[in-house]
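Asker: Next come the chains, spelled out residue by residue.
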Amino acid sequence: MNTKRKTLMITSILITFVILGFIVSERGTKLFQGLNLFIFTAIIVIGAIVSIVTIKKNREKKAGLTIEDELSIKIKYKAGYFAYLYSMYMWLFIFLFKDKFPNIESMLGGGVLLSAIIFGITKFIIKKEINDKE
Amino acid sequence: MKTRIKELRARDNITQLDLAKKVGVRRETIVFLEKGKYNPSLRLAYDISVVFKSKIEEIFIFDSE
Numbered sequence: 004m005n006t007k008r009k010t011l012m013i014t015s016i017l018i019t020f021v022i023l024g025f026i027v028s029e030r031g032t033k034l035f036q037g038l039n040l041f042i043f044t045a046i047i048v049i050g051a052i053v054s055i056v057t058i059k060k061n062r063e064k065k066a067g068l069t070i071e072d073e074l075s076i077k078i079k080y081k082a083g084y085f086a087y088l089y090s091m092y093m094w095l096f097i098f099l100f101k102d103k104f105p106n107i108e109s110m111l112g113g114g115v116l117l118s119a120i121i122f123g124i125t126k127f128i129i130k131k132e133i134n135d136k137e
Numbered sequence: 014m015k016t017r018i019k020e021l022r023a024r025d026n027i028t029q030l031d032l033a034k035k036v037g038v039r040r041e042t043i044v045f046l047e048k049g050k051y052n053p054s055l056r057l058a059y060d061i062s063v064v065f066k067s068k069i070e071e072i073f074i075f076d077s078e
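Order-wise, the sequence lines are chains A and B.
Each residue of the first sequence is one higher than the one before, starting from 4 at the first, in the working numbering.
Each residue of the second sequence is one higher than the one before, starting from 14 at the first, in the working numbering.
Pulled out of the complex, with its shape left as it was, chain A reads as follows (with noise of 0.2 Å):
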């Protein structure tokens, strides 16, 4: 690893820990327990896993490779109509059982992450099932 991509790294994390510090102190520990946990943690999941992603588009862009073909695409279209569908039936859910939520950002923020949670997931899916039958 070079000092660039060290130091990027380093500040990164320090950027991450400064802003948790922050929201601890403004509004306490309380905001870590139960559903405020899963939303810390599947932000910081998805946050680690765009930003992998992303250096190794670079890498790929700066290498003189190909980003994005027909291939991507597809996938990343169908992914995303299979993640609208089942999102709709997430959001009933959401609302169905709203009373379990502590409050309506807890319920809007923790449904925003299940559904890119769910577009991973579906993309994921998809990959892997590609055939030639479609």
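If you're looking for bench data, these hints aren't it; they were derived computationally from the structure.
Just so it is clear, the structure is predicted and the values come from calculations on it, not from any experiment.
Hints may be right or wrong, so weigh each one.
[Stated by the list, open to error] Every beta carbon over 12 Å from chain A, so not counted as near; a handful from chain B, in silico: (1) E20; (2) L21; (3) A23; (4) R24; (5) D25; (6) N26; (7) I27; (8) R40; (9) V44; (10) L57; (11) S62; (12) V63; (13) S67; (14) E70; (15) E71.
[Unchecked claim] Per label pair, the in silico range of CB-to-CB distance: (16) A:G67 x B:M14: 22 to 32 Å; (17) A:F98 x B:K35: 45 to 55 Å; (18) A:G50 x B:M14: 35 to 45 Å; (19) A:G67 x B:V63: 12 to 22 Å.
For every residue, glycine included, the Cβ atom is placed at its ideal position computed from N, Cα and C.
We have chain A; now place chain B onto it with these hints.
Answerer: What follows is chain B alone, placed relative to chain A:
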């Protein structure tokens, strides 16, 4: 659909990455094509046939089913 891409790559000593670069797709797409898991567009099939200096029907073998 079956393809002869792997065989032709070995003949011409071309890696998956080289082929991907030549036809402007990701290496992953070449992997899917070689496994017969993806039907390419006519454009991509044509580009691949140009690289291997072969006819499209010599590279891609379509099943009637």
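Asker: Hint by hint, say whether it matches the structure.
Answerer: Hint check results:
no., hint, in the structure
1, E20, "18 Å, holds"
2, L21, "19 Å, holds"
3, A23, "22 Å, holds"
4, R24, "23 Å, holds"
5, D25, "20 Å, holds"
6, N26, "20 Å, holds"
7, I27, "15 Å, holds"
8, R40, "8 Å, violated"
9, V44, "10 Å, violated"
10, L57, "6 Å, violated"
11, S62, "16 Å, holds"
12, V63, "16 Å, holds"
13, S67, "20 Å, holds"
14, E70, "16 Å, holds"
15, E71, "18 Å, holds"
16, A:G67 x B:M14: 22 to 32 Å, "29 Å, holds"
17, A:F98 x B:K35: 45 to 55 Å, "51 Å, holds"
18, A:G50 x B:M14: 35 to 45 Å, "39 Å, holds"
19, A:G67 x B:V63: 12 to 22 Å, "20 Å, holds"
Hints 8, 9, 10, counting from the list given before, are not met by this structure.
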